[in-house]
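Quick note, the sequences are listed as chains C and P, same order. Heads up, the first sequence stops at 253 in my numbering, and the numbers go up one at a time, no gaps. Heads up, the second sequence stops at 283 in my numbering, and the numbers go up one at a time, no gaps.
The set of hints was computed from the structure by calculation and includes no laboratory data. Source: prediction; values computed, not measured. We put the CB at the ideal spot given by N, CA and C, even for glycine. A couple of the hints might just be wrong.
As the list claims (entries may be wrong) - The following label-pair restraints were derived from C-beta to C-beta distances: (1) P/130 with C/158: 16 to 26 Å; (2) P/113 with C/96: 48 to 58 Å; (3) P/9 with C/40: 43 to 53 Å; (4) P/76 with C/96: 24 to 34 Å; (5) P/63 with C/159: 30 to 40 Å.
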Amino acid sequence: MSRAEVCVVACAEAWRGDGEILASPMGVIPALGARLARLTFAPQLLLTDGESLLVGADGAVEGWLPYRRHLALAMGGRRHVMMGAAQLDRHGNQNISRIGDVRRPARQLLGVRGAPVNTLNNTVSYWIPRHTPRVLVERVDMVCGVGYGRGPAVDIRRVVTDLAVLDFATPDRTIRVRSLHPGVTAERVRAATGFPLDIPGDVPVTREPTEAELRLIREVLDPEGLREREVTG
Amino acid sequence: MTAGRQRAADQRMTADKRMTADEAVARLSSGMTVGIGGWGARRKPMALVRALLRSDITDLTVVSYGGPDVGLLAAAGRIRRLITAFVTLDSVALEPHYRAARERDGRPELTELDEAMLMWGLTAAAHRLPFLPVRAGLGSDVLGLNPGLRTVVSPYRDGEELVAVPALTLDAALVHLNRADRRGNAQYLGPDPYFDDLFCEAAREAYVSCERCVDTEEFASAGGPQSLLVQRHCVTGVIEAPGGAHFTSCVPDYGRDEEFLAAYVRGARSGESPALLLSGDEADYRAAVAAARRGAE
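The task is simple: from the sequences and hints, build the whole structure.
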């Protein structure tokens, strides 16, 4: 069992209990996680082909979701998106736009994309394939995805990284470690985080994939092993 | 009546709007606000963008769900201000020419709006509304970076504060579709219309390039009536441009040219000027594409 496979299951778990809504994964491992969730414990989830079609578990086209309808669906709220993050702070503010100043950025990244509308209208999770102090930062250079405490109501479900699962189930809605992936120490996660992170001594270990889940991941969902390129180890 | 006069009369009757890409661009001018259709590296009106690059038009405000259209215009220094939610090549996340331009001197200046805000800004312009309210932007730095953006409070009992996205009215729109007739009706045959109809409706003048110009009666055999995305009352010019979206996708006519895209990214990263590819006319461009393909084999 690889770290990548643990991450696939941790991503899948983010959509548990969501019911009949659209799962919008961004990234290889979140996409595998969403499909795994639908094949196992979340059969009602809607999924796209990555373009404009809604496809059933058997691959049959069951709906049409071009960008205009996808945006409308996001605004309607019946969606749970798992986005990436170039930077994420302890309140869940996310940056995918740029590093440095807007007038002349050190690194021009993607732009805000749909992060502002997503965070104010539907459930959001984040996928961070490399948990480092440069990603988990004290302060983001631009707030694209809105975190807790900035006014608008938001619902940030999970942050899955290559080291741990985090969430915001704290009284002041700041980030905490929900579980450490098998073999990862609290010390390693603390060192890989750019702000002080309280990790209780009895923090759980992220659950391992079941035999059935491993078979689905390896034989059905990702026989080419693309997951191992996104997370190594 | 002579054959020539008959033809001229027919053209008046049918309002033949066909023109070349260079003729379309000659009707634009520096300083305009130009909307560019497609999405990322999907169905971008690249033949029209290449014609823009051949012209001396500059100082543009460009509205786009950005892809290589933005990358090339930025590399050539033609954009003063970019209004966008992102710039990407899809299969390669970051557009290298755009990125290099922004990191070199901060140009183009950036008005960064959320994807939904851009959609509602174009919709407001198409509906001749001054703004539309949207639940997006509040709490994010989009508001702080755009001090001109205002909010409105719902006049109903909920009293919610929303962002009033101003109409993004365009001087001109450039879009590329699969088929068009000479009058300016245009048909998309791929899975996603993107926002090309909105761009055209939000613009004072719209220029539609197409893979193939067809007789109006040919539309019906290619797709259902809902594939007729753009109507002629919004369209000023029709440009037949086979391969006119290359290297972006124009499904089902062709997919994204991934090999060409990879070479484009390699060239940009090694500091190569895209002008090498884009200084000539469409024939030169197609020859360069063919040469790149031979080189890859």
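To see whether the hints hold, each was checked on the structure:
no., hint, in the structure
1, P/130 with C/158: 16 to 26 Å, "19 Å, holds"
2, P/113 with C/96: 48 to 58 Å, "20 Å, violated"
3, P/9 with C/40: 43 to 53 Å, "52 Å, holds"
4, P/76 with C/96: 24 to 34 Å, "25 Å, holds"
5, P/63 with C/159: 30 to 40 Å, "33 Å, holds"
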